[in-house]
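Undergrad: Please put together the full structure from these sequences, using the hints given.
Line order of the protein sequences matches chains U and W. Convert by adding 2 to the 1-based position in the first sequence; the result is the number in the numbering used here. Convert by adding 1110 to the 1-based position in the second sequence; the result is the number in the numbering used here.
The hints are simulated quantities; they were obtained by calculation from the structure and are not laboratory data.
Below 16 Å or equal to it, Euclidean Cα-Cα: the simulated EDC-like pairs (lysine to aspartate or glutamate) are: (1) 246(U) to 190(U); (2) 1203(W) to 203(U); (3) 1261(W) to 1403(W); (4) 1203(W) to 194(U); (5) 1201(W) to 51(U); (6) 347(U) to 264(U); (7) 1199(W) to 51(U); (8) 1203(W) to 51(U).
Chain W residues, not near chain U, derived (Cβ > 10 Å throughout): (9) 1116; (10) 1272; (11) 1291; (12) 1316; (13) 1368; (14) 1405; (15) 1414; (16) 1417.
Even glycine gets a Cβ: it sits at the ideal position worked out from N, Cα and C.
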Amino acid sequence: MPILAKTGNEAMAEAMRQINPDVVAAYPITPATEVVMIFSGFVADGLVDTEFVAVESEHSAMSACVGAAAAGCRVMTGTSSQGLQLMSEILPIASALRQPIVLCEVNRALSGPINIHCDHSDTMAVRDFGWIQIFSENAQEAYDNILQLIKITENESVRLPGMATTDGFIISHCMEKIEALDDNEVKEYLGEHKKMNSVLDLDKPVTLGALDLQDYYFEHKMPIIEAMKNSKDVILKVAKDFAKRYGREYGLIEEYKLADAEIALVALGSTCGTARVVIDELREKGVKAGLLKIRVFRPFPAEEIVKALSKVKAAAIMDRSDMYSNQGGPLFSELRSAMYEAKDKPLLTNYVYGLGGREISLEDIQKIFAEQKEAAASGKVKQLIQHFGVRE
Amino acid sequence: MPTLKDLAKQKDPLSGGHRACAGCGAPIVVRQVLMASKDPVVVTCATGCLEVVTTIFPYTAWNVPFLHNAFENSAATCSGVEAAYQSLKRKGKIKSDHINFVAFGGDGGTYDIGFQSLSGAMERGHDMLYVCYNNEAYMNTGIQRSSATPKGAATTTAPAGKKIPGKQQFSKNLTEIMVAHDLPYVAQSAVGFWRDLTTKAEKAFSIRGPKFMNVLQPCRLGWAYDPSKTAELGRLAADTCIWPLYEVENGKYKLSYKPKEKKPVTEFLKVQDRFRHLKKPGNEAIIESIQKETDRRWEALLAKCEQ
Ligand SMILES: Cc1ncc(C[n+]2csc(CCOP(=O)(O)OP(=O)(O)O)c2C)c(N)n1
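TA: Below, the structure is given as structure tokens:
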């Protein structure tokens, strides 16, 4: 296994090189540009035999991806923020047509105002479109998640598109040590792409994208809903197989020092890395702090989260986006709803933080844990939803 | 050049029994274009009348592979299918020697919302033919103006009101914009000229690379005329020089049809109720301006063809 120094973007591009997709259609946008740029270099140097379509917009990128996937190809793309928004009309069409397209997404704040730095508003805005969504804590996970997503999305009981995300700049542009697979290992691991109902099948012509009115549309939504349900098991099986082969373990969620924790932080992406450091410090001081990392946001691992937090007294739910609902961020909203029937559940506080790349420091997380300690002791939450780190 | 006999023997790419209006020109365009292909075809289509009337689940009128994605992306979708074909062919994963990839779009899906997607796909040089079935308005959603709608026509978003008598602008000359893309083949044809249309499609299919065809398609509902007159209206459009038939091969213009006698535009306008209000006193200037612009465009085209 080669040990490489890679940024998040380089790690994703490296995974793409090894996957050697049949077709990539993509458009540049900060901070995901490099993924497309590096991959174009692989194409130009003949390191992949992908048909690379340098489209004129992300809308066309996703449209061409749907076309290529419907033709029976393994298809990938990458984008961020406004680009993902421009694709968004076509995202639910991709899932409804059951095309296993894999997207490298770099989380960046949505305009407006325009900003190029990390938050999760872009990925969260497309959470309800039938795409599997996996968040990566670091470059290694970005690499592993992209590889696993090919397996997950192409599984016959899933056949849904998926995106793996990194946090813009924080992960996308930071160099880390990653353990890669050998090229032929990747080839062997993924196997051949299996086409289904291809529009290139001339002997059995298919009509895809038919008009579907009141008497069928609902029935045709059900298999998508089922596929998303099925994907939970598939994600776990793929992770298990991956661990067996390459030693790195993944799940829908990851617990860090959570088993006996009294206070916990629940987060997505790079913030989990920062939280681990604070938790180690707190543990040394005898504070029973832990982390619940949400790796998979779609499908939402509701039961797993409820179970993982059942012994915790107070938990901070970290949302790197707001959704203007006055009910906190999307993670909080779904997690809180999942807790409704739970007998044993922690006090919850929602921290909406880090919008537009506002830094979240060790001190910030210490402060959040201190507040959780207070809540656990008093049995009371100070403020249900906080916009943390914003100037008055 | 295909003969009627040849065409009659072809397997129909689009079967009857679909739900287009009586007298709709769109299926005529589709059948004549696709029947001119000697190789297998794969079709993409924009949202609009054509997609809606041919694919209401659980039925489909398509006997060839067909993919509808969304409204503005028929060209981009087709470019993805074509890219897939190139990729699979390079890897020896596909048998067929050549497939003609055809993207259909209405004028809304082509001139307006799909304009960028079309321009991008053509610029990238995909081996595909884009066919605009141009009925000069958004018919599927109830006759709204598009940039292909002619001046003076009443539509539901540019109605003939008490103050404003229909659309104020002349149509955008999309065919010329596509010529400016320096494509190997661009052509304009119309329903009512089956030989012209099939010959042009056949020529387009014989050329590798991006091709564009703009085919005028009378719409009996939107243009408001007797449904038995569809082909006649297409011919009137050419006879008045409102819609000249021509082709541009590698930059070289060629007129396909010169009317024996150039008819006044009123001959075309007066048989359609979308122009009915123009007959009212006070609207003479509009008709005059339509005639003037038609003449100007026609002369400009003739000059290009003579070069
Ligand atoms: C993004 C988007 N905007 C608007 C629509 C609504 N819409 C569907 S078809 C159509 C008009 C189609 O007009 P045209 O392309 O001229 O084709 P026609 O129906 O005339 O054949 C519109 C506005 C849509 N489906 N998608």
